[in-house]
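Sequences listed follow chains A and B, in order. Position 272 of the first sequence, counting from 1, maps to 271 under numbering that gives the first Met the number 0, and the rest follow consecutively. Position 159 of the second sequence, counting from 1, maps to 158 under numbering that gives the first Met the number 0, and the rest follow consecutively.
Calculated from the structure, these hints are not laboratory results. Check each hint, because a few of them may be wrong.
Which copy is meant is left open, because identical chains are indistinguishable; a pair holds if it fits in one copy or across any two.
[Said to hold, decoys possible] Cross-link-like lysine to aspartate or glutamate pairs, in silico, EDC-like; alpha carbons within 16 Å at most:
1. K369 to D12
2. K16 to D315
3. K364 to E5
4. K414 to E361
5. K212 to D162
6. K9 to E35
7. K335 to E266
8. K208 to D175
9. K414 to D101
10. K414 to E99
11. K414 to E168
12. K401 to E342
13. K360 to E398
14. K387 to D23
15. K369 to D256
16. K16 to E120
Remember, it's a predicted structure, so these values are computed and weren't measured experimentally.
2 protein chains.
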Amino acid sequence: MQITSEILQKLIDIAGKTYVFTDDETRNHYGHDETEDYIFPPGVVVKPGSAEEISAIMVLANEYKIPVVPIAARTGLSGGALSIHQGIGLAMDRFNKILEIDEQNLQVTTEPAVITQILRETVAEKGLFYPPDPSSQGSCWIGGNVAENAGGARAVKYGVTKDYVLNLEVVLPNGDIIWTGANTLKNSTGYNLTQLMVGSEGTLGIITKIVLKLLPCNSHNVLMLVPFYQASQACEAVSAIFRAGIVPSALEFMERDAIDWAVRFVEGISVTIQPEHQAHLLIEVDGNYPEVLMLEAEKIMGVVEQFQIDEILFADTDEQKNALWKMRRGVAEAVKSNSIYKEEDTVVPRYELPKLLQGIKEIGKKYGFKSVCYGHAGDGNLHVNIIKSDMTDANWKTEVPKGIREIFELTVSLKGTLSGEHGIGFVQKNYMDIAFSEVQLQLMRNIKRVFDPNNVLNPGKIFPDSLD
Amino acid sequence: MQITSEILQKLIDIAGKTYVFTDDETRNHYGHDETEDYIFPPGVVVKPGSAEEISAIMVLANEYKIPVVPIAARTGLSGGALSIHQGIGLAMDRFNKILEIDEQNLQVTTEPAVITQILRETVAEKGLFYPPDPSSQGSCWIGGNVAENAGGARAVKYGVTKDYVLNLEVVLPNGDIIWTGANTLKNSTGYNLTQLMVGSEGTLGIITKIVLKLLPCNSHNVLMLVPFYQASQACEAVSAIFRAGIVPSALEFMERDAIDWAVRFVEGISVTIQPEHQAHLLIEVDGNYPEVLMLEAEKIMGVVEQFQIDEILFADTDEQKNALWKMRRGVAEAVKSNSIYKEEDTVVPRYELPKLLQGIKEIGKKYGFKSVCYGHAGDGNLHVNIIKSDMTDANWKTEVPKGIREIFELTVSLKGTLSGEHGIGFVQKNYMDIAFSEVQLQLMRNIKRVFDPNNVLNPGKIFPDSLD
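Please build the complete structure, drawing on both the sequences and the hints.
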């Protein structure tokens, strides 16, 4: 779809000349996210300043059948923000205000372009806690978190983004502006449009305001790193911890290669890893009573000591804790900055993790690729970074997709699914037939049609090409 | 819609003669729930034995355009299970098995016709905890809980039914059988059909299997009853408790009249209530460490003592705890058994409770009705039982609906909504215009059309008559 001078003029009339960009630099900037090395620049970038302006843009888009892609912080890992059909890139940068922290009701109302970590820190100053903490929290936006239903390390105890979204102001694809629900903790009033919007990856509407539930802050936590001699035993320990009656606030798995990558490539990681340690669990418990946390940590020690482990490292100071978290969060960064890769976001019931990990390694052998696995093991959510390494370009292109398909088939056979927290977006859409039948996909496709009959909002995402 | 002998024969062919009922007794039995004194018997009652039989019934229903109403335990308070257009009453009684308790993954897979309390007790025997505990838990079914997104006293800490539903097997209105998601704690794979189905009140599909998340059991709790001299102060204390950093596992409000009704009409309640106590809060904290619970109880005492209260009653034994819960749960039963009533299920952000309560009383005065108010104050969820008492039939019919409309208008103006946990069903549908604009309602209506183009599944529910 060509952006004609007529359309351009209308966009300028709506958003103002300062906020409409056709230069290559801006278009390229908004043409990529963190998904592999894809670049799909929009035909024009618009930075609207209000829901009303977005509404006018959507009316225009429907009139001329122009694709519109909402673009947040471009930290996404599934290509949801890529302008694969060019059109209008709706850069949400100006929606960057925290509108109200409601200390009486423990809620925050925010615009979407607020960095998640800043939102978390700002409410923490009032003694309030917004738990979801995706690894990209230092750069991702809360609006993108809602669009992808982002998770994070603390999801294992506190749930994911969807569990905190109470209400959304949304511009619908036809330009109507609605709230999806009410600012209440409970709601049995009509269909749950809020939860339908969360995780819909910018295909059902453009989020302009977000009301989030908050909790009172916890004051203490205990963090420990447990080295295992066998990766499979680390996976087994995950479910054993829950069966012992403990709900940790984080329970992260890293196989040896994952830590190696982080230690090699991320500056300032001082953790020393023994070569015989095949995997680590990073385990945190939190609460308000240090004595209780010590008791829980002891219980966890009792569980993991039933497996073959080396000495447990307790992080005593904030500095040590930050170092461990930096290492965990650095894995993805290390892989992404230093290799051609594809990242999968498999999720299974947590007890199935050992089978999933073993299967991934066997599939990798079959198709000739290496993988670095790590992730939110407490949730059964395993990130699989497939590394190109010395694979030929031809094999990377033909063999790896076959391997990914087998990984997803294994995941689904274990009662899991394709994505735990990254979304389907552009890169996983042609695997959707593994998780869903034609009936399920058509149902979703028809819901999309209700919202967006002209298919102008973020087309070519989520649904397999066969259905698009 | 008349059930002809031809249709009847086809139903018998599908479900077997033993499970198809046309006698008045059965039809009347399945013709009412707990919603006021409504009786709408289905034309025929069928008790299917499998999802496949339900599928065949739905195909038949579409062919002949016969309304089908899924019927669970008939404890609903919004008339969702009433066969207002006769047709086929789909009594789910035979779906009464807990299929699998997965102790490894902390999940249970169950059929819908399992009594919620039995489900809770059965998983508790394995040390597992299913938190949602609607007041009707001794008789309601888990399937109805999912259909209405039921809450309960523990929702304030643990969330409502929707927060525990991982995956659903559903027969769609056209007869297709699908699973809505995956058995995982996190899921960013396509639109959230699971959450669209939860709370859709039997209008989008018939639930045949339910996968629920479980938690490890807590071993201890502390329960206290706090008498307030002013109802408004009891409401204010609710939000003060959270602001002090405490998340109680229950925080229930009862105005004086509510307890009076319970004490007068429910047998075996031995609590003595002083006439000068205008309201009570029933507060519970739970966890695994008794010392911590005592600390939290002390913190709560510190908060409530800033208001004008009488002596706090601590329930020391299980017997005393059960007596207090019996009193709380007995309020609804007492009102329902001893008066003509209408029950509303208002919900607001919790700090707005005092304004809501005061407004309800003023509206009652204006239209000449009394109300008994109680409910899950920690969630801002206030049940309003409007009592006919000595009101004339004419006024009951004309004035009360005006008053209810004003109550809902007040609720929505406080950023709340019509129903926190009972659903809209039949009796609240013509108030939906207060919570939603035409745009929002049409969006929901169009979603309904995607699932059920012939409007055969539970027609005449949720949507106002103007839209039906």
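These are the hints, each one checked on the structure:
1. K369 to D12: neither (52 Å within a copy, 57 Å between copies)
2. K16 to D315: neither (54 Å within a copy, 70 Å between copies)
3. K364 to E5: Neither: 55 Å inside a chain and 61 Å across chains, both beyond 16 Å.
4. K414 to E361: neither (19 Å within a copy, 54 Å between copies)
5. K212 to D162: both (8 Å within a copy, 14 Å between copies)
6. K9 to E35: neither (34 Å within a copy, 57 Å between copies)
7. K335 to E266: Intra 15 Å, inter 68 Å, cutoff 16 Å: intra-copy only.
8. K208 to D175: So K208 and D175 pass the 16 Å test inside one copy only (14 Å; across, 37 Å).
9. K414 to D101: Intra 40 Å, inter 13 Å, cutoff 16 Å: inter-copy only.
10. K414 to E99: Intra 41 Å, inter 14 Å, cutoff 16 Å: inter-copy only.
11. K414 to E168: between (34 Å within a copy, 13 Å between copies)
12. K401 to E342: within (14 Å within a copy, 58 Å between copies)
13. K360 to E398: For K360 and E398, only the intra-copy Cα distance (15 Å) is at most 16 Å; the inter-copy one is 70 Å.
14. K387 to D23: neither (30 Å within a copy, 71 Å between copies)
15. K369 to D256: Classified as within: same-chain Cα gap 10 Å, cross-chain 69 Å, threshold 16 Å.
16. K16 to E120: neither (35 Å within a copy, 65 Å between copies)
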